[in-house]
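In order, the protein sequences belong to chains A and B.
Number 678 in the numbering used here belongs to position 175 of the first sequence; there are no gaps in the numbering.
Number 326 in the numbering used here belongs to position 328 of the second sequence; there are no gaps in the numbering.
Hints are computed from structural coordinates only; laboratory data are not their basis.
A few of these clues could be false.
Stated by the list, open to error - Going by beta-carbon spacing under 10 Å, a handful of chain B positions derived as facing chain A:
hint	residue
1	T75
2	E83
3	T84
4	G98
5	R141
6	L161
Quick reminder that beta carbons are idealized off the backbone N, C-alpha and C, glycines included.
The residues making up each chain are set out below.
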Amino acid sequence: MDVLVRNHVRVSGRSGGPVVVLAHGFGCDQNMWRLVVPMLEREFTVVLFDHVGAGKSDLSAWSRGQYSTLEKYADDVLAVCRELVLGPVTFVGHSVSAMMGVLASVQEPEAFAGLVLLAPSPCFIDDPLTGYRGGFSAADVEELLESLDANYLGWSGAMAPLIMGNPERPELGKELTNSFCRTDPDIARVFARVTFLSDNRADLAAVTVPTLVAQCSSDAIAPPEVGTFVHTQIPGSRLVTLNAIGHCPQLAAPEETAAAITAFARDAG
Amino acid sequence: MMPRTGDEEQGGPTGERAQFSALLEDSAEDLYEHAPCGYLSTLLDGRIAKINTTLLDWLGYRRDDLVGSWHFSDLLTVGGRLYHETHFMPLLRMQGEISGIALELKAADGSRLPVLVTSTVKTGGDGQPLLIRTTLFDARDRRAYETELLRARQEADRERERLQTLATTLQRTLLPPTLVNVPGLDVSVHYHIASVDEVGGDFYDLFPLTEGTWGMFLGDVCGKGAAAAAVTSLARYTLRAAAVYDPDPAAVLANLNTVLHHEYNGTEPRFCTVVFGLLTPDGDQGGFRVTLASGGHPPALLMRADGTADYLPTPGGQLIGVLPDAHIATTSLRLDPGDTLLLHTDGLTEAHTAITGDKDRYGDDALLGFARVLAPTTATHTVTAIRDLLNTFGTGVDDDTAVLAINVPRPPSEEQQ
């Protein structure tokens, strides 16, 4: 299986420049980065990809059994890096992808020049035993799954070819709004569980590569204290707070996000 | 009929218009406040800037409670808030609009109100986004209907799973769990199930008859599903019993023909193709004597120790169960050490090949070519190679496929050469 096709990998920007890999989180695909990419392309080789099951990745490569852990996604990240042979990269992981970066860097530190953890959360569920507050309960996650179901009623298997790109009939793409962020409901459910039920708090201390934690000033999904927790757990990490409301700073504050990535990747690369 | 223009000039409709105007006085403001849907304007960070009376009434809040301090996501359930952050906002920012999203609002009294939400981003003259306009429709009825649809779909999924389990279990009961061990013979079988929803109609068996004699058969009942499974079951047990009664392969198939013809000669004719064989050790060189009888079944393939391969024609053998006296073709051969005999059903040769597309089936010639490349071989190798071949066809295998291979192993000394 060609990894670059499987993950719909796109490379752009300054060839020979330090490499920045941008990994999207739960809910969308590499389109999430479209506002920051032009700002990064001036200085860096920019690598975009879709996680298997999202965007224009090869859906047939997805299976419930394989993609039920973040480790598998981390393996995919390493596979993409290996395939590109671009040397150590600065990996920017948004939301759940931040933890994929953590796992991948622990497994193969030499593949990474640095990690940017954008709005990260190592665990979304509160843990009363340790006093950790992730912000959510298991019941809240079930409620999210209901929201997913409620909004996927209009989705049908017949639309899958459109969603995954239909080169033979490009006119069909136009009829479908939200096309780039729609996924097979079964895949979305499994990814939602992986995203919101994983607990990677114990992995943070094992990170050895230079790390920047970039959190949003007001984020309902990854509140500031969670970003602070990640920062304190990763030895030698730096913390910045982006002046951005919500969970997606690359959309809400693209300039500031790109500037933070640029400054860090320049040092790391 | 009077021309309408004249009437208007006389003031009748003008009076009506005045009446409309009175009714529609302050229309824009009143429509906004009391529209049959909720209106909400938020700043780009989600803070509520304006909200209409309809929505306030639905939620049970006062305007002052919300405007300026609450965010739109504060009105949502926690699950809805997650959805809002991960799906709704990214799409709205990228597209400038998003429509028909199902969310639930939390009212002041804790009750929940299912709504369908549509938002657009209002931009200024310079194209910069200024604020977000949101319309909310009461979706209680629709959501109840959709929940019912979802429940029905989940139930259908469960039923389908149950059916598949049933079909798989039934399939298993129609095939021997393990084949008997025949001393001096390497035996391998494979059953490829084309559809998990239906019981297929292929069958096989290998069993001891008298001391030093074994019977084997492989067949294909026309059709699929429960009716075919009933015929498969009947055929299998009739073949076993008939072989005990008179082991001559032609007689075994003749008896099966009589039984099927009697049983299904009415409104629902059922028939099958079968190849039946008798195996007896032949001499002290480790060879086997094989007598085959075929009723309309694809010919067996013989792959010799010397690397040659050919079909064993059994011409003229008729379908079993159609005619009162079916003609049955027989042939016999000696299986020497290193020889492999392959029985198969036509699911294999009629499979659509992945490369050539829908029109082309794999075919007898391709299978013969495949066997010639394979020979000399063993039963285990043959079946493994055919499984791999079927895998390359993928969904092109639209019928069940059974293969049974027997091989007389070469003596160990010869194998090493």
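We went through each hint and held it up to the structure:
1. T75: At 6 Å from the nearest chain A Cβ, T75/B passes the 10 Å test, so the hint holds.
2. E83: holds, 4 Å
3. T84: Holds - the Cβ of T84/B comes within 10 Å of chain A, reaching about 3 Å at its closest.
4. G98: Constraint on G98/B satisfied, holds at 7 Å.
5. R141: holds, 7 Å
6. L161: violated, 19 Å
Violated hint: 6 only; the structure is consistent with all others.
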